[in-house]
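Asks: Here is what each chain is made of, one letter per residue.
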Amino acid sequence: MSEIHVALEGVGKTYHVGGGGMFAKARPLYAVDDVNLTVMRGETLGLVGESGCGKSTLSRLIMHLERPSTGRIAFEGTDLNAVPANALHAARQKFQMVFQDPYASLNARMTARRILAEALINYRVGSRAAIAARVEEIAAVCGLQPYHLDKYPHELSGGQCQRIGLARAIALEPTLIVADEPVSALDVSIQAQIINLILDLQRQMGLTLIFVSHDLSVVAHIADRVAVMYLGRIIELAPVFDLFAGGAHPYTQMLLAAAPRPVPSARRRGQAVAAGELPSPLDPPSGCHFRPRCPFARERCTRERPALRPYRDGHTVACHFAEDIAAERT
Amino acid sequence: MSAPPLLKVENLSLRFTGKTGSLHALSDVSFHVEKGEILSFVGESGCGKSVTAMSILRLLPRSGVSYPTGRILFDGADLRTASERQMQRIRGGRIGMIFQDPMTSFTPVHTVGMQIAETVAQHRGVSHGQALKRARQMLDLVRIPDAARRLGAYPHELSGGMRQRVMIAMALACDPELLIADEPTTALDVTVQAEILALIDDLRRELGMSVILITHDLGVVAQVADRVMVMYAGRIVEEGCIEDVLARPSHGYTAGLLTALPLPGPHNHRTRLAEIPGAVPRLDREIDACVYAERCAFAEARCRSGLPSLAPAGASHRAACVRADAVAAAMAGNDIVRAWA
Ligand SMILES: Nc1ncnc2c1ncn2[C@@H]1O[C@H](COP(=O)(O)OP(=O)(O)OP(=O)(O)O)[C@@H](O)[C@H]1O
Ligand SMILES: Nc1ncnc2c1ncn2[C@@H]1O[C@H](COP(=O)(O)OP(=O)(O)OP(=O)(O)O)[C@@H](O)[C@H]1O
Ligand code: SF4
Ligand SMILES: [Mg+2]
Ligand SMILES: [Mg+2]
Numbered sequence: 001m002s003e004i005h006v007a008l009e010g011v012g013k014t015y016h017v018g019g020g021g022m023f024a025k026a027r028p029l030y031a032v033d034d035v036n037l038t039v040m041r042g043e044t045l046g047l048v049g050e051s052g053c054g055k056s057t058l059s060r061l062i063m064h065l066e067r068p069s070t071g072r073i074a075f076e077g078t079d080l081n082a083v084p085a086n087a088l089h090a091a092r093q094k095f096q097m098v099f100q101d102p103y104a105s106l107n108a109r110m111t112a113r114r115i116l117a118e119a120l121i122n123y124r125v126g127s128r129a130a131i132a133a134r135v136e137e138i139a140a141v142c143g144l145q146p147y148h149l150d151k152y153p154h155e156l157s158g159g160q161c162q163r164i165g166l167a168r169a170i171a172l173e174p175t176l177i178v179a180d181e182p183v184s185a186l187d188v189s190i191q192a193q194i195i196n197l198i199l200d201l202q203r204q205m206g207l208t209l210i211f212v213s214h215d216l217s218v219v220a221h222i223a224d225r226v227a228v229m230y231l232g233r234i235i236e237l238a239p240v241f242d243l244f245a246g247g248a249h250p251y252t253q254m255l256l257a258a259a260p261r262p263v264p265s266a267r268r269r270g271q272a273v274a275a276g277e278l279p280s281p282l283d284p285p286s287g288c289h290f291r292p293r294c295p296f297a298r299e300r301c302t303r304e305r306p307a308l309r310p311y312r313d314g315h316t317v318a319c320h321f322a323e324d325i326a327a328e329r330t
Numbered sequence: 001m002s003a004p005p006l007l008k009v010e011n012l013s014l015r016f017t018g019k020t021g022s023l024h025a026l027s028d029v030s031f032h033v034e035k036g037e038i039l040s041f042v043g044e045s046g047c048g049k050s051v052t053a054m055s056i057l058r059l060l061p062r063s064g065v066s067y068p069t070g071r072i073l074f075d076g077a078d079l080r081t082a083s084e085r086q087m088q089r090i091r092g093g094r095i096g097m098i099f100q101d102p103m104t105s106f107t108p109v110h111t112v113g114m115q116i117a118e119t120v121a122q123h124r125g126v127s128h129g130q131a132l133k134r135a136r137q138m139l140d141l142v143r144i145p146d147a148a149r150r151l152g153a154y155p156h157e158l159s160g161g162m163r164q165r166v167m168i169a170m171a172l173a174c175d176p177e178l179l180i181a182d183e184p185t186t187a188l189d190v191t192v193q194a195e196i197l198a199l200i201d202d203l204r205r206e207l208g209m210s211v212i213l214i215t216h217d218l219g220v221v222a223q224v225a226d227r228v229m230v231m232y233a234g235r236i237v238e239e240g241c242i243e244d245v246l247a248r249p250s251h252g253y254t255a256g257l258l259t260a261l262p263l264p265g266p267h268n269h270r271t272r273l274a275e276i277p278g279a280v281p282r283l284d285r286e287i288d289a290c291v292y293a294e295r296c297a298f299a300e301a302r303c304r305s306g307l308p309s310l311a312p313a314g315a316s317h318r319a320a321c322v323r324a325d326a327v328a329a330a331m332a333g334n335d336i337v338r339a340w341a
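Read top to bottom, the protein sequences are chains A and E. Numbering-wise (the working numbering), the first sequence opens with residue 1 and increments by one. Numbering-wise (the working numbering), the second sequence opens with residue 1 and increments by one.
What the hints contain is simulated information worked out from the structure, not anything from laboratory work. Check before you lean on any hint, since a few could be wrong.
[As the list claims (entries may be wrong)] In the DSS-like style, the derived pairs of lysine-lysine whose C-alpha atoms are separated by at most 27 Å in a straight line are:
(1) 133/E - 25/A
(2) 35/E - 151/A
(3) 8/E - 35/E
[To be verified] Simulated restraints on C-beta separations:
(4) 205/E - 200/A: 40 to 48 Å
(5) 271/E - 130/A: 31 to 39 Å
(6) 146/A - 69/E: 46 to 54 Å
(7) 71/E - 103/A: 30 to 38 Å
(8) 297/E - 206/A: 32 to 40 Å
(9) 302/A - 75/E: 34 to 42 Å
(10) 299/A - 4/E: 55 to 63 Å
(11) 286/E - 129/A: 54 to 62 Å
(12) 312/A - 18/E: 27 to 35 Å
(13) 10/A - 205/E: 47 to 55 Å
(14) 76/E - 330/A: 56 to 64 Å
Even glycine gets a Cβ: it sits at the ideal position worked out from N, Cα and C.
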């Protein structure tokens, strides 16, 4: 039976921007807005959406690097924002994050060996000798040679640094990894190595994975389910094949159509792209956030915020007219 | 005769020397960019794409960098020997640059509006007010919502993708003749990416702007570039117009790249991807063999017995591979290649 690993209920994060200096007073920015989501143990959830829609913020909330402004996040059944700090520290072992920029996320003044040992020392997982042995072991699992361990990040390639990022993430044997664009900075052959490594680690350790990426072909390859975000909200959530077969939300359809593919038919230089105004998170449109860009928008979309609702089996969508739009398309 | 190319790089070699020895970062790199043309660079991480871009703008540190050979002719003048004053006028003016890491090109202590306006004021000699107006216009153009308000944002208050767009705005603010864009759209979602690529393409057509586009996304290359230059270990290994290179990849490394892409379809889901075995060679000395031979699925003895030169592989297409025909034949069944054939 599958079991719920992380559950988000009405999770929101509000920042206050502007203020100070020459520009008007601070205004609320709803970076994440009323997100409801469950992730099952062992599952790979892909997270996609426009830039600035809140993917990284949501990732940081799930990692408990920030506190939500509203709602609650249950990790293995416990709301860790409601427990004492030492209990949160202890729980942190179980979830780890991998970042997009392999160089920026590793301490430049430490060797790879030191970076990996640090996490283990922090959690006092054994004697110094045991930690040293464990560092070599996880490095080997991540395809690093012992001599790599004595190098500093700037002496390693992007792919090697990303292996260290992954090794550091798995060092404490977490059950959940959130990877925020882990392969975006890598060329395709190294991307293939890192994806293979992630697949292997998941098989060996039964890891749950939340995988944030703009590269839809990578998400299609690795994810079991995909959540699409737009301006702080999840607007579609579907099994991977349902989503990539077309998507029910007009924004998802727009994303799939815009994905660059190395085929001649995708060569559409000079042709205007279906655009529409990008909405501002500081002044979001009323009703459906996608309305100003949506070719199907009607009056109701201005008035009423579409809820994330069942569309098909295991497939939810936040569009008032998803069924009509699907019918129109066929 | 057609006009001379806007940029012509001839036999450029570059070495880094440090405590730990020397690194042959570029070896005999020659290419040109025509007016109004989009040339893309692709290649293994660390193969020298960014270093090539940085040497055009002379942005590499002076100490520890040497150029055993080469000229960089921009509009006829050699940038290698230009004065620092001339370079300052060119950087951000006639040549715009979008850097791979947006954070390094901003100062954290000024608002993004100030930073764009300063570039404009410096190159255009306009008033601060006019420069700010231009900054606002540029943010609109790169589709930053609520541009007026975002002018007052500090870099850390923007998402990765927004920072990237601000940098694109800054690079385009002075109508450059050449835009060097290092992974300009990697941090953007595909709808905004498509719009930025369309914007760059419009500027190319309307103003005749030339573009060097560095990217590892072959989809982006196929979509907007006129020509592609494939690099490996500091060398150009294959080069030609998109249609020819994708219809007939003729170097082992290009073949490796195309094979490593994830394929669509349920039967491929979560399967292992094709990796290129091994690692890039150490570049501490001249390699008198094909630089890719150690990892190449097509390599034979002669690949290791001398450096293959860039030889014609088609009408407007060259490859440095002694097994070019065998590679092209083996790749004929690849999905991407079939689509272009
Ligand atoms: N510390 C902060 N202060 C103010 N605003 C912030 C802060 N962090 C993020 N934001 C805003 O929150 C929104 C969501 O940002 P986030 O980084 O989560 O987006 P994202 O989906 O990860 O985007 P990208 O794909 O570009 O990385 C953006 O509008 C961003 O400007
Ligand atoms: N300032 C420097 N000092 C010493 N070596 C450097 C310096 N800058 C780059 N290098 C080295 O030069 C080589 C080429 O690096 P470059 O940044 O051009 O790679 P790239 O092709 O842009 O890779 P990526 O796709 O990862 O961005 C690498 O081996 C790199 O480590
Ligand atoms: S709810 Fe309305 S505006 Fe929003 S996506 Fe659906 S049709 Fe378009
Ligand atoms: Mg992000
Ligand atoms: Mg680079």
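Asks: Hints first: check each against the structure and report whether it holds.
Replies: Going through the hints against the structure:
no.: 1; hint: 133/E - 25/A; result: holds, 21 Å
no.: 2; hint: 35/E - 151/A; result: violated, 44 Å
no.: 3; hint: 8/E - 35/E; result: holds, 11 Å
no.: 4; hint: 205/E - 200/A: 40 to 48 Å; result: holds, 46 Å
no.: 5; hint: 271/E - 130/A: 31 to 39 Å; result: holds, 36 Å
no.: 6; hint: 146/A - 69/E: 46 to 54 Å; result: violated, 38 Å
no.: 7; hint: 71/E - 103/A: 30 to 38 Å; result: holds, 32 Å
no.: 8; hint: 297/E - 206/A: 32 to 40 Å; result: holds, 34 Å
no.: 9; hint: 302/A - 75/E: 34 to 42 Å; result: violated, 53 Å
no.: 10; hint: 299/A - 4/E: 55 to 63 Å; result: holds, 59 Å
no.: 11; hint: 286/E - 129/A: 54 to 62 Å; result: violated, 44 Å
no.: 12; hint: 312/A - 18/E: 27 to 35 Å; result: violated, 59 Å
no.: 13; hint: 10/A - 205/E: 47 to 55 Å; result: holds, 48 Å
no.: 14; hint: 76/E - 330/A: 56 to 64 Å; result: holds, 58 Å
Hints 2, 6, 9, 11 and 12 from the list above are not met by this structure, while the remaining hints are.
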